[in-house]
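S.K.: Using the sequences and the accompanying hints, generate a full structural model.
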Amino acid sequence: MQHRIHGGNIYEMAKWYNLAPKSILDFSASISPLGVPEKVMAAVEAALAAISHYPDPECENFCEAAAEYHGVNRQNILPGNGAAEIIYLVAHMVRPRRALIPIPTFSEYGYAVESLGAEVKSACFERQGEHFVIDKRYFVQSIAGHDLAFICNPNNPTGTLWTRNELIEIIEVGQANRCMIVIDEAYLELVDNGAAYSLVDKLTDYDNLLILKSMTKVYAIPGLRIGYALGSNRLIKAMATLRAPWCVNILAQEAGTAAFQEAEYLSRLQKLVHEERQYLYEELGKITGLEPIRPTANFILVDTRLAGISATILQQAVAARGILIRDCSSFRGMGGNYIRITVRTRPDNERITQTVRECLSALSAGGG
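Residue 368, in our numbering, is where the sequence shown stops; the numbers in between run on with no holes.
None of these hints come from the bench; they were simulated from the model. C-beta atoms are modelled at their ideal positions from N, C-alpha and C, and glycine is treated no differently. Mixed in with the good hints, there may be bad ones.
Stated by the list, open to error - Estimated spans, in silico, between C-beta atoms of each pair:
#1 Ala42 / Gln278: 26 to 36 Å
#2 Met41 / Arg74: 20 to 30 Å
#3 Ala263 / Arg97: 35 to 45 Å
#4 Gln316 / Asn61: 43 to 53 Å
#5 Ala238 / Ser361: 51 to 61 Å
#6 Arg305 / Ala46: 15 to 25 Å
#7 Arg305 / Asn233: 41 to 51 Å
#8 His92 / Ala362: 21 to 31 Å
#9 Ser361 / Thr204: 54 to 64 Å
M.R.: Structure follows, in structure tokens:
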């Protein structure tokens, strides 16, 4: 079985470096640094007494809240045990012979279709200055002959954004070629004016469009596992038949439902990300040997090549000081010289820049 590598594995790091998990400062998982919102935590605590009962298999309260939040019908919502579960559900529904996936991107798209024996064609993001770009015309032309395509918008880890017009063209070409288009908007709420890039309002226009949403990043609840898909009535109904019963536990359902009422929290988070993203980008750019890619969401991709130090070596040096960053060498097509750092609070961002600076200096001098 292939070992999956993702950010946020504080338990593995704690074991390797003999640390208490709670003592680790995690910049590797792109999670809100504001912690769990009050209403969400209160909802979880109130639901504890209900764990002696089965959860609602249809997640009705959550679906109603999600539908109201997005201005769609309840029948357009499919909850899952994290967005990752839905990625596998759509793969099982389509059962593609060939899938089109840009690289580097979130690895579970490829894992999901390859687990079914599908052939994966990759379209590559290429570095151009302080951005990563993709030949979007080539991507559109490649849709023919494929049954399923995944797009992460903004892309993880490069931060590349696709415009609405670009995505609509892809969906329409996909419709003409019987190709399902999955757009993962996990980070879109943390992009400046992110709503201008979303295609939620197009759900009823296309029967080959599925949009993924994650509660993890914005509301800091990765341990509860809840995400959801938005799609046409037909798509959601077809996917629902493939779900295991009770796949979303009662605590996750209540947390997710409460999260849709956290408008003030979301506004605070968006303001923090907007301000701290620019600060962290500028500070990382001042460190000799580092080239940060211009960010769009709540993470920054950083090239370490000019420092002459691999991402793995730098990640290990930073980890020894109790901080976890993402070594991006496990992303297909990424190479061995990129790290990803989450945007956090000012004190945290000051600490990571100082730690990275000290580690690079020590490594360049031949120290640890």
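S.K.: Would you mind marking each hint as holding or not holding in the structure?
M.R.: Checked hints:
| no. | hint | in the structure |
| --- | --- | --- |
| 1 | Ala42 / Gln278: 26 to 36 Å | holds, 33 Å |
| 2 | Met41 / Arg74: 20 to 30 Å | holds, 26 Å |
| 3 | Ala263 / Arg97: 35 to 45 Å | holds, 44 Å |
| 4 | Gln316 / Asn61: 43 to 53 Å | holds, 45 Å |
| 5 | Ala238 / Ser361: 51 to 61 Å | holds, 56 Å |
| 6 | Arg305 / Ala46: 15 to 25 Å | violated, 51 Å |
| 7 | Arg305 / Asn233: 41 to 51 Å | holds, 49 Å |
| 8 | His92 / Ala362: 21 to 31 Å | violated, 48 Å |
| 9 | Ser361 / Thr204: 54 to 64 Å | holds, 56 Å |
The structure is inconsistent with the numbered hints 6, 8, although it conforms to all the rest.
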